[in-house]
Amino acid sequence: MEFALTSQNKAGQTLTFSCSNKQMLVTLALQRENWSARSDEGLDDLHLLINRKSYDLDNETLFPNDPVPAKLAFEALAQTKASDTIVFTSRQTGDSKTFSARGLHDALNGVTWQDCMSQP
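When we follow numbering that gives the first Met the number 0, the leftmost residue of the sequence shown carries the number 0, and every step to the right adds one.
Derived by calculation from the structure, the hints in this document are not laboratory data.
Remember, predicted model here, so these are calculated numbers, not experimental data.
Virtual Cβ for every residue (Gly too), placed ideally from N, Cα, C.
None of the hints are false.
If you anchor each label on the Cβ, the simulated ranges turn out as follows:
no. : residue 1 : residue 2 : range
1   : Trp112    : Leu29     : 27 to 33 Å
2   : Asp65     : Arg31     : 38 to 44 Å
3   : Asp57     : Ala77     : 16 to 22 Å
4   : Asp114    : Trp34     : 29 to 35 Å
5   : Ser82     : Thr13     : 19 to 25 Å
6   : Pro66     : Arg31     : 34 to 40 Å
7   : Pro119    : Lys9      : 30 to 36 Å
8   : Asn33     : Glu59     : 27 to 33 Å
9   : Pro63     : Gly93     : 29 to 35 Å
10  : Gln113    : Gln91     : 28 to 34 Å
11  : Gln118    : Thr13     : 16 to 22 Å
12  : Gln91     : Asp65     : 23 to 29 Å
13  : Gly109    : Ala81     : 14 to 20 Å
14  : Thr15     : Asp55     : 16 to 22 Å
All chains, please: the whole structure from these sequences, using the hints.
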């Protein structure tokens, strides 16, 4: 079973965090235009901005002892407060409108990176 959390902003954009196939995926979608962009599609300069702090979304590292960038983003998401903001950004999409982190901390309470990676 896939693990997924979804949020919408006032601009009608949807941001989805999901764990499947041993990776974390982030998807930005705009339904009225039937458009979406996923973090596994090879987008350039892809980041998640949490309170304007940039987190890379790569699920792999260049060197064996380096932390997995997506893990750092996952852990930051788990520590968010209701007043925090999230923005999806890449060279191709530009910056999304702001999403609220309200409820994210509670939704991820007790969920670990290993839980995310163990999703088939």
